[in-house]
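**Q** Just so you know, the protein sequences line up as chains X and L, in that order. Residue numbers 1 to 310, in my numbering, belong to the letters of the first sequence in order. Residue numbers 1 to 271, in my numbering, belong to the letters of the second sequence in order.
Treat each hint with caution, since some may be false.
To be verified - Derived lysine-lysine pairs resembling DSS-like cross-links, with alpha carbons at most 27 Å apart: (1) Lys270/L <-> Lys206/X; (2) Lys155/X <-> Lys235/X; (3) Lys206/X <-> Lys75/L.
In short, the hints are calculated from the structure, not lab data.
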Amino acid sequence: MDLRVRIGSLELPTPIIAASGCFGYGLEYEDVVDLSSLGGVAVKGLFLEEREGHPPPRIAETPAGMLNAIGLQGIGVHRFVREKLPLLRDRGARTIVNICGTTLDEYAEVARVLSDHEGVAALELNISCPNIKAGGIQFGCSLIGTADVTRAVRKVTRLPIIPKLTPNVTDVASFARAAEEAGADAVSLVNTFLAMAIDVESRRPKISNMLGGLSGPAIRPIAVRMVWECFNAVKIPVIGMGGIVDAADALEFMLAGSTAVQIGTTNFADPFVWSKVLDGMKDYMRRHGVARVTDLVGQIDTTPRKEVHA
Amino acid sequence: MPIDVNAAVISNRRLSEDYNVLSLAAPGIGEHTRPGQFVMVKAGSMIDSILRRPFSVFEVLRDDGRVTGISILNKRAGRNTRALYALEVGARVACLGPLGVPFTTDLPPERQAIMVAGGVGLAPFATLAEALAASGTDTTLVYGARSARELFYLDFFERLGVRLVLATEDGSRGSRGRVTVPLEQQLAQLAHPDGVMVYACGPEPMLEAVARLAARYAQPSQVSVERVMGCGLGGCYSCVIPVGHDHDAHYVRACVAGPVFSGADIVWEKC
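Please construct the entire structure, taking both the sequences and the accompanying hints into account.
**A** As structure tokens, then:
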């Protein structure tokens, strides 16, 4: 049974990746999961400099999901390569670094610093964080911005680059195309949906930033649709995510056209989700006689349903 | 190293209309829990509510010396805590732990301990009192609640030799009003030259008042904070609290840097 998948020049042993922003810098979880057993570890978004993030409360639970506005609190790329990257390399993690910027130059500079260090498997371009004032989604909500960031990073690195797309646009497939044309090796989607929740007793917004990003099972069908749209629009691999809880959810994303999947919010509730999804995926492949996991990608059966006579 | 146990409910003692003690068959967690550590708990499906909730370990349960599990002290407030109140024996609860930084218990021999609890903030003090009793530390519990009906486990602490100082909002037992009034009396008449270690758990305004009082009497304090927590393992960066100094406060995660902090390290005005 072959679980390997390929993202540009990068080969992953399984298609299951820990999603950025939901797995710290990976090392937080080394006591509960063998980091080398994951297809990849997408670490928390990094700017050039350290960032404080938003005041708490930063999350609020919503039906089958959660709202967050962490504000990309982080240690900055220089501390990351000094303090975290050597340990991740030592643990055998395939580290996908999620990079952020408020300007094109900042994205390029963060990418350059990371490209100079061993142990980075790929760069995921955060052009979709809905929770920061400058950068992020400002680029990701414009086709030109998406292409500009991709090109700026492409110029400075040979690492596979994966723009992470926002779902807060009308036609996500056009953004996948813009990324592909600008030299991306893959796209990942979806980042969170811009959303809001209010406590009616206190009349206050439930998180300090007022607006936040919605994630979790609540968004899954929308994310699956968007992955399918992108799969049909581009030739590069699509990495799908959005509310994956179990193997069936992961397989749903693969059938919709994901070459690999990311799991985020569920890791908060169940840090042992990884082996459960992997085992379930293997079981499915056995039951359905699937030799290579890549044989599932985009394989929705669209033949007419048989009529059922009761 | 934390483990995840799909723990059976051994018993559910409803202490009042709002409070219950839920005993969980999680010996692997109980064996390694130190006073002040917590577990992330979830009952029911992920459909309505996807995240676990943090609870201090209340008791480490033993049978003939053998650890059989842990209990948590729960107070009905929202959907999850209502579900935990309603659970029947045999139900399953996902329980991840032990997590977080515990209280420091290795005090100098002459130092007294004062534990300050507000409401459900009693939770970390049962195991702390046991640890302090085992090391022979002179210990006082200053314990406040809404009324006498919500002061629990007093005999448990008395059996350990803990001195009780009680306060209720309605004056039905102990002094009327907040715990900080009797706490200040205790601090003002300190007999021991080596002073005290003040431990506190309860609502954040109480923790702030306790930390400031301790500082005013030049005594150290350790507070166990509660924040909106997503994962308990340091992954989500939700439960941050400002520490440091006024001018250079920075956010640290309460789940991995806490939940126990030195009261002097928290920048209360930025909380």
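**Q** Hint by hint, say whether it matches the structure.
**A** To see whether the hints hold, each was checked on the structure:
1. Lys270/L <-> Lys206/X: Status holds; Cα separation ~18 Å.
2. Lys155/X <-> Lys235/X: Distance ~21 Å between Lys155/X and Lys235/X Cα, so the pair holds.
3. Lys206/X <-> Lys75/L: Distance of about 21 Å is within 27 Å: holds.
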